[in-house]
Structures are given as C-alpha cells and as structure tokens.
Amino acid sequence: MNEIRTVSETKRTFYSLHQRPINAIYRRVVEELMVEMHLLSVSVDFRFESIYALGVVTAFDRFMAGYQPDRDLGSIFNALCQSVGGNVDDYRHRADRLLEAAKVASADDLAAALNRAEGSGGALREAADVLANGQPFKYSRLFGIGLYTLLESTTSDLAGNAEQIKAWIDRLGTTLNLPIEKLQKDLELYRGNLEKIAQARITYEDMLEAERRKREQRALEKAAAAEAKAASETASETASESNAAPSSADPS
1 MNEIRTVSET KRTFYSLHQR PINAIYRRVV EELMVEMHLL SVSVDFRFES
51 IYALGVVTAF DRFMAGYQPD RDLGSIFNAL CQSVGGNVDD YRHRADRLLE
101 AAKVASADDL AAALNRAEGS GGALREAADV LANGQPFKYS RLFGIGLYTL
151 LESTTSDLAG NAEQIKAWID RLGTTLNLPI EKLQKDLELY RGNLEKIAQA
201 RITYEDMLEA ERRKREQRAL EKAAAAEAKA ASETASETAS ESNAAPSSAD
251 PS
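All the letters of the sequence shown, read from the start, carry residue numbers 1 to 252 under the working numbering.
Please note that a few of the clues may not be correct.
[To be verified] Computed cross-link-like contacts, DSSO-like style, restricted to lysine-lysine with a CA-CA straight-line distance of at most 30 angstroms:
{"hint": "1", "residue 1": "103", "residue 2": "182"}
{"hint": "2", "residue 1": "103", "residue 2": "185"}
{"hint": "3", "residue 1": "196", "residue 2": "222"}
{"hint": "4", "residue 1": "166", "residue 2": "103"}
{"hint": "5", "residue 1": "138", "residue 2": "182"}
{"hint": "6", "residue 1": "138", "residue 2": "166"}
{"hint": "7", "residue 1": "185", "residue 2": "11"}
[Said to hold, decoys possible] Derived CB-CB ranges, DEER-like:
{"hint": "8", "residue 1": "106", "residue 2": "212", "range": "46 to 56 angstroms"}
{"hint": "9", "residue 1": "45", "residue 2": "210", "range": "45 to 55 angstroms"}
{"hint": "10", "residue 1": "227", "residue 2": "194", "range": "20 to 30 angstroms"}
{"hint": "11", "residue 1": "106", "residue 2": "195", "range": "53 to 63 angstroms"}
{"hint": "12", "residue 1": "198", "residue 2": "138", "range": "27 to 37 angstroms"}
{"hint": "13", "residue 1": "129", "residue 2": "212", "range": "50 to 60 angstroms"}
{"hint": "14", "residue 1": "100", "residue 2": "191", "range": "17 to 27 angstroms"}
{"hint": "15", "residue 1": "209", "residue 2": "126", "range": "40 to 50 angstroms"}
{"hint": "16", "residue 1": "73", "residue 2": "209", "range": "19 to 29 angstroms"}
Everything labelled a hint here was simulated from the structure, so no lab data went into it.
All values derive from a computational prediction rather than experimental measurement.
All C-beta atoms in this analysis are idealised placements derived from N, C-alpha and C, irrespective of residue type, glycine included.
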C-alpha cells in the first residue's frame, strides 16, 4: 500500500523543481494553490477531469498576472503540477480544449452539454459524461472556478453581469448536482481575491517605482557630488600650480 504524500513532501518537490525565489506577494498565492491541489489529489473521491483542470489553469493565470520575471511563470506552473503528480501539458491541453468549445457556444448550449442533452457533443459533453459515469465526485473550489470560466467564455456575453452569472451558476450547479450555496460562496470569494491581488499588485508596483526613483535620485546626487569634488580638486591643483610658478621681473 502506497503511503499518502504529505503537504511538506509536496512543497519539497515543488521547490526542488523551481529553485528561483518567488516574489513576495505571489508566494502565498502559489503555496495556497499548491496545498489545495495536494489535498484534493490525496482524496479518495477526487477525480482529475477537464473542468477542474480549467479551474487550476485559470486560477494560476489570473492570480499570477503581472508576475516578474514573467519567464519564470512556466517553471512555476510546471513545478506546481508535477508536485501533485500531474502533467503540465495535460492541464493546459484540457483547459484549452474546453475554452475553445465554450467560445463558440451559448450559455444554453453549455447547459445542454452539461445536462448531456440529445445532440450535444464535443469537449463540453465529454466533460459532462466524465462527471456522470457513476464514480464518486468531490466538488472543489477549483472545479467551481473552471465552471465559472466556461460560463464567462460563452458567446452569451455574461462577463461583468453578476446577476445573470449567479442565475446561470445556480442552473448549471443544479444540473451537475453541486452544493449550490458553497459554489456561489467560493466564486464570490474568488472574485474578491482577484480584486485584492490586483490592488496589492498596484501597490507593489508603486513601491517598486518609488524605490527606482529614489535610486535614480541618489545616483544623480552621487554623480553631482563626484563632479563637484572633481571640480574642487581641479581648482585646487590650478591654484597650487599658479602659486608655485616663478614671478618675472619687469625689465623697465
């Protein structure tokens, strides 16, 4: 019987795969996402499926927006997926496939596919079939984010319309037999956290800009002081040379 991985082991795996430091305001985001994915991965009722994968990809991409250096994002996400026994390409492929399907579907089409209606098909129907195959299913916040992202991405132009999205989430959640109240609370918290990290990012960028200006000002002051010192030394040398030169007598 295999031993269940601990959170500490998952974190060690992550930091062995991504060894560069992570910027302060993002470190908590990464570790909270890592712990959430870990706890799900060791649950006997958890099943890795496409809506969950979309939720993971969306949460990472949105919460890590603006991260610098951005070249580290691929390494961080790869380490995150591998640390819980996943494959980054599988996460991305599943998420992209669902999003492409949602972008050419209406909210009604999405509801029909998730309800496994006659005539529905493609990636959305496949996702619903996986959920309906009779195996245990453990709802998670990341699944909720994936469902929310699908709804936002449809052609029904729901992004920004909180009341319509709430109504549709209720409908889709009922179709999939999800805990509606928890789903709505999770999504409310998700939207709130996105706003908070956006504000934190602005504050952080303002601090970096202020520090950059201070460094530039100190550099200018240092250069000016060096220039003044050099000018003073030149003037002193000129005066010394002038005093040391012999005076010529007037022949008349």
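TODO: Go through the numbered hints given earlier and state which of them the structure violates, listing their numbers in rising order.
DONE: Failing hints, ascending: 3, 10, 11.
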